[in-house]
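Listed in order, the protein sequences are those of chains U and R. Residue numbers for the first sequence follow our numbering, beginning at 421 and rising by one. Residue numbers for the second sequence follow our numbering, beginning at 421 and rising by one.
Among the clues, some could well be false.
Same chains, same names: a pair is fine if it fits in one copy or spans any two.
Below, a list of computed lysine to any residue pairs in the SDA-like style, where the Cα atoms sit at most 25 Å apart [said to hold, decoys possible]:
id: 1; residue 1: LYS844; residue 2: THR822
id: 2; residue 1: LYS689; residue 2: TRP572
id: 3; residue 1: LYS718; residue 2: ARG915
id: 4; residue 1: LYS601; residue 2: ASP704
id: 5; residue 1: LYS959; residue 2: PHE481
id: 6; residue 1: LYS494; residue 2: GLU451
id: 7; residue 1: LYS601; residue 2: GLU935
id: 8; residue 1: LYS959; residue 2: PHE477
id: 9; residue 1: LYS776; residue 2: GLU803
id: 10; residue 1: LYS959; residue 2: ALA945
id: 11; residue 1: LYS617; residue 2: ASP920
id: 12; residue 1: LYS483; residue 2: LEU956
id: 13; residue 1: LYS844; residue 2: GLU916
id: 14; residue 1: LYS844; residue 2: GLY823
id: 15; residue 1: LYS776; residue 2: LEU807
Since the hints were derived computationally from the structure, they do not count as laboratory data.
There are 2 protein chains.
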Amino acid sequence: MRTLRLALAQTNTIVGNLDYNTYKAIEYIQEAKSMGADLVAFPEMTITGYPPEDLLFKSSFLKDNIDRLDQISKSSFGITTVVGFVDYENQNKIYNAAAIFRDGIMIGKYHKIHLPNYGVFDENRYFHAGSQYPIFNINDANIGINICEDIWYPSGPALTQSENGAEVIININASPYHIGKQNEREALLSSRSSDNKVYIAYVNLVGGQDELVFDGSSTIFDYQGKLIARGKQMEEDLIISDLDLDSLEKFRSQNTQNSNHDHTLRDIKKFTYISSGDNIHKIDKPNVITNINPKLNKLEEIYRALVTGTRDYVQKNGFEKVIIGLSGGIDSSLTTTIAVDALGKDNVLGVTMPSKYSSEGSIIDSKELAVNLGISISTIPIEPAVLAILDVLSESFANTNTGVAEENLQARIRGNILMAISNKFGYIVLTTGNKSEIAVGYTTLYGDMAGGFAVIKDVPKTLVYELSNYRNSWSLSPGVIPQNVITKPPSAELRENQTDQDTLPPYDVLDDILESYIEKELSYADIVSNGFESELVTKIIRLVDRNEYKRRQAPPGVKITRLAFGRDRRLPIVNGYSQS
Amino acid sequence: MRTLRLALAQTNTIVGNLDYNTYKAIEYIQEAKSMGADLVAFPEMTITGYPPEDLLFKSSFLKDNIDRLDQISKSSFGITTVVGFVDYENQNKIYNAAAIFRDGIMIGKYHKIHLPNYGVFDENRYFHAGSQYPIFNINDANIGINICEDIWYPSGPALTQSENGAEVIININASPYHIGKQNEREALLSSRSSDNKVYIAYVNLVGGQDELVFDGSSTIFDYQGKLIARGKQMEEDLIISDLDLDSLEKFRSQNTQNSNHDHTLRDIKKFTYISSGDNIHKIDKPNVITNINPKLNKLEEIYRALVTGTRDYVQKNGFEKVIIGLSGGIDSSLTTTIAVDALGKDNVLGVTMPSKYSSEGSIIDSKELAVNLGISISTIPIEPAVLAILDVLSESFANTNTGVAEENLQARIRGNILMAISNKFGYIVLTTGNKSEIAVGYTTLYGDMAGGFAVIKDVPKTLVYELSNYRNSWSLSPGVIPQNVITKPPSAELRENQTDQDTLPPYDVLDDILESYIEKELSYADIVSNGFESELVTKIIRLVDRNEYKRRQAPPGVKITRLAFGRDRRLPIVNGYSQS
C-alpha cells in the first residue's frame, strides 16, 4: 500500500534569529523521523521568521539564510524535508521560497507565485513572483509545493500541480490570526482539495511577531475535502497523519473528468528521486494518532491570541518582567490578567497611582485584582508630583481655566512613573488602552499611551467586557477580575465625577459605528443609512480621523480583528478629507 | 509655425482636501490661459494630493475625486488641461491616472504603467497598472502623457509614445525630495528626451505631506536633451515655455533611424481633437519669458526643504503656532530657527527648562538665540518637579544607584511641560532630535521625543552644524545662532559634566558609520573593511538595531536623505538578527 506519513511542524520562529530557527527546525526533523514520518514540512520562511521586512535588503542576511538552509539539508537523511527560506539570484531579485530536501540533497525548490500586498502584507516590496510549477516524485509519492497566498487562487498552482500528477499539496504558511480566519481557511482548503481531488497539507507558523500573532492551526484535508488533521491553536505542534495514496489513485481513476484548463503556458517541471534508504513502503513505523484538535471557541481563541502575542513580544525582545498601571478599571484589569497568563504572576508588577480624583473603589478594586492574581502591587500617589508641575507651570497657566491640559498632565505623570520604574529595573511597560478609545483619541499621548506594548489595542471596549467575563469563568465565581470592575461605569478619573459616557455614546453604539467605519470601511452615508444618528456618526468619524497622529506614536499591540490600527490601516496625518 | 505654448503648474496640494486642490487647479488654469498657454499640466494626483494612502479604499473618496475632475473639466475651454486623478472601474480596480481635457471634453486618459513599490512608495497596495499608450493630437500638436515612475524606464511609455508620433511628453509627478535627487532627475530627463527626440515636460508637486517634501523643480527638456525651463524649488510656480514643433519635425526628419523596438504587443491608441476656438496657430499671445531658475546650493536646498516640510505640516494640520524646548544646544537652536523661517517669529514660543545640571551657558545661549530670532521665551525650572517625582518614587527606588531612570525623568518632565502648554494653548510641540541620536537611541522616549513634528529627525549631527553655519551666513557675523552654541561640546546635560562624546565616537565618525549602515545599507563586514574599528561598528549597529522600538513611537519629520527612518525603512522590533 502506498501510504505517505506526513508531518507538519508548526514552529514558533523568531524573526532574524536564524540560528534559533534553524535549531528548532532540526529538532523537529529529528522528532518527525522518530515518528516514522516520510516527509516533514515547515512554515513559510522558517529560517528567517516572518515577516523579516527590510532585513531582506541586507545582503548578509540573505547569505546567512542560505547558510542555515544548508545546515537543515544535512538533517534530511531518511526524511523528505520541506522548508521555507529566502531564495535569490541577486540582491534585487529575491523570492519567497520553499526547498525540498532528501538525504542531504536539494531535490528542488518552489518560488511563491501570488504575493500578497494588502492589509499587513508588503510582499511586492521585497519579492519577485515565481513562475514555475514543480512536482516532486519522491519515493513514489507525488508532491506539489506552494506557499500561503498561492492556495487562495482556484486556478493557482494547486490546480496545475494536481492536474499534473500531484497527490499531496504541501502549502506552507505564515498566516496571521484574526477573528474568524480559521473558518475562512478551512472552508477554502476543503473546497480546494475536493475540487482538485488532492490531499492538501496546510502548515502554519505559530507565535507572536510585533503586532501579528500566527495561530498555527495547521490542517490536512483529504482528496474529498474532509478534514483529517488539525494542529493546536497558538502553540507549537507536530501534526502527523498517514495519507493513503492508493485510495487517492483509485478515487481519481473512478472520477476522471476532462480538464478544461489550459496549462500550456505554464512552466511545469517534474523531479524524481528514489531514496536508497527508508521509503514510504517501509512497514516498521510506530503507530501514530492523528489529532483533530477542536477549534477553540471565539473568546478563548481571542484570549489566547492576546496571551501569545504578549508573551512573545516581551520574551523575544529579551525581557522577563512587565509593569502595568492599575486604575481599577476594566482595561487595566484585563491587561494585567493577560500578562499574568502570558508571563507568570512573578513577572508582573502592578502599580496603582491614585490622584485626588481617584475613587476609593478604584484603589480597592486594583488591590483585589492583585491579590486574586497573586502579583505584587505598589501604590504611588501622584498628587505631590501633579502639584509640583502645576506649580512650575503656574506662571504660564495664569488666568486660564482648568481643562484637558491638567487632565493629561495626571496621565503623563503616571506615564513618567511607570517609565522610570521600567528604566530602573528593566521591566517593559504594558499599556492598557482598548481599540474604542484609541480610535476616538480618548487616550493621552505620553500618558496612558506610554509603554512598550499595548496588549488590548485592537480589542473594542465591548469585547473587553466579554473577555473579562470569559476569563472570570475559568475559576469559581466571582473570578479574578473583581465584579465591581465589570459593573461600574467606565471612567478615566481625571476630573471630578467623570465618566466615559459624559462625552461618548454608550460603548455598544460606539463600537458598532467604529466597526462600520474602520473594519467594514463603510462611508458616512452608509453608516447613517444603517440607522445611526447623523450628528453622532459625523462626530465619531471626525474623532477617528483627527487622532491619527496619536495612533502613529502608539506602541505596537496584538492584531485580533480583520483590520487593526497599525500597518493594516495606513492613513495620512495631514488629511483634509471630510465625508460629512 | 507650429508652436505649443506649454504651462506647468506645480501646485501645493493638501492630501484629502479635494475642494482646495480643485480650487487651486482652476486658479492656475485661468492664469495659464491669461498667459496664452495652449496646454497646462498639473502634478500626479492633483485632485487627491499625494500620497492619499488608505483614503483610496474609501468609495466616497473615489467618487468625490471624480466629481472634482468634472469641475476642472469645465475650466478647460480654450486650454488643453492635463490633470492627475484617481480613476477606477470598481473599488478593487483603481488607477493612478491623468485626464486630458479641452473645451470641457475629456479627450482621453492615461493609466500609470510603472508603479513604484519601494522606499516610501506603496503603489502596488492601491493601483492596478495601466497597459495603454495613448497619443493625443490636439490642435495639431502630438502629446504623450505618462506619470512619474513611467519616465524612468528607457523602454517605457516615452519611447512608445515618441515612436508613434508624440512630439511632447507630459510627465506628471509627485516625486519627493532628497539630497541630490534633482541632479538624478535632470540627467535622466535629458537622456530620455534626446534618445527619443522629443520634448519632455516634467511637472512635479510642491510642498510637505507628513514626512515627505515635494520640491517642485519642474523642468522642460528639448528634443536634443537641453534644459529649456526649470521652475522654482520648494514653492508654487507656473512655468511657461514655447515649444517649437516645426523644428522638432525637421530635426526628426534629418535624423531618422529605424527603430529596433517591437511595440506590436503594446496597446497604442490615437486621439485627435481640433478646437473650434483658440488653437496653437493663434498669434496674439503675450510675450513670456521662460525661466531657468538656478538650482539652489546643497545647504540652501536642504534648509528650504526643512522649512517647507515644517510649515506645511503645521499649517495643513490647522495649527499656527509651535512651542520648542530650548536646551541651549545646536539641535534646538537650528530647529527653532527653521520654525521661525517657516512660521514667523510671532508663532514660535521657546521654553527653557533648566535643571540643576544645566550650565549657566545653556540658559544664556537660549536667551541669546531667542533675542536674535525675536521670539518669546519662557523659563520654567524643572528642579521642584523632578524632586517631587523622585520623592513619590523614593520607596520604589530605595537602595538603587542613580542612573538612566533619573536622567530620563528630567527629559520626561520637560516633555510634560511642553505638552501641557501645547494642550493649554493649542501649539504643536516641535521636537529637536537629529538623525544621529535617533539612530543610536540617544533620546528619551516621551521626553525629548514628545511632540508633534520632528523637524531635523533626518538630519545627521554633522549636517546640523553645516546648516547652522549656513543659516548664520544669511546675516552679518555672528549670525542668529550664537557662536557658543556651535563651538561648545554637545551635551544632553542630564548629569554632571556629561558630554555626548563620553559614550559616542566623534560625530563625524559616527555619521560615517551610520550613513554606511543605514543609507548605503552596507554590512558589518563592509563597514569594517572601509577602515572603521570593528568593536565600534558592532556597537553602533547594535544600538541602531535595538532602538527600533523608540523610532516606531517617534513623531514624523522631514525626509531629506535617500533613506530616512519612517516608511522608508521598515524593520521589525522583534529582531534577532546579528551580523557581528
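- Task: Tell me, please, which holds for LYS844 and THR822 at an alpha-carbon limit of 25 Å: within, between, both or neither?
- Result: between (33 Å within a copy, 9 Å between copies)
- Message: Treating 25 Å as the Cα threshold, decide for LYS776 and LEU807: within, between, both or neither.
- Response: both (11 Å within a copy, 20 Å between copies)
- Since the copies are identical, ignore which copy is meant and state whether LYS959 and ALA945 lie within 25 Å (CA to CA) inside a copy, between copies, both or neither. Classified as within: same-chain Cα gap 13 Å, cross-chain 55 Å, threshold 25 Å.
- Message: One pair to classify: LYS617 and ASP920, alpha carbons no more than 25 Å apart. Within, between, both, or neither?
- Response: For LYS617 and ASP920, neither the intra-copy (56 Å) nor the inter-copy (67 Å) Cα distance is at most 25 Å.
- Go through the copies and call it for LYS776 and GLU803: within, between, both or neither, with a Cα cutoff of 25 Å. both (7 Å within a copy, 23 Å between copies)
- Query: For the identical chains here, do LYS959 and PHE477 meet the 25 Å Cα criterion within one copy, between copies, both, or neither?
  - Reply: between (43 Å within a copy, 21 Å between copies)
- Alpha-carbon proximity between LYS844 and GLU916, which holds within one copy, between copies, both or neither at 25 Å: This pair counts as between: shortest inter-copy Cα distance 19 Å, intra-copy 33 Å.
- At most 25 Å between C-alpha atoms: does LYS601 with ASP704 qualify within a copy, between copies, both, or neither? Intra 39 Å, inter 68 Å, cutoff 25 Å: neither.
- Item | Alpha-carbon proximity between LYS494 and GLU451, which holds within one copy, between copies, both or neither at 25 Å | Answer is within; shortest intra-copy Cα gap is 15 Å, inter-copy 72 Å.
- Query: Using 25 Å as the alpha-carbon threshold, which applies to LYS844 and GLY823: within, between, both, or neither?
  - Reply: between (32 Å within a copy, 8 Å between copies)
- Should LYS483 paired with LEU956 be assigned to within, between, both, or neither, using CA atoms and 25 Å as the limit? This pair counts as between: shortest inter-copy Cα distance 23 Å, intra-copy 55 Å.
- Item | Within, between, both or neither, where LYS959 and PHE481 count as close if Cα-Cα is 25 Å or less | between (48 Å within a copy, 18 Å between copies)
Checked against the numbered hints given earlier, this structure breaks hints 3, 4, 11; the rest are met.
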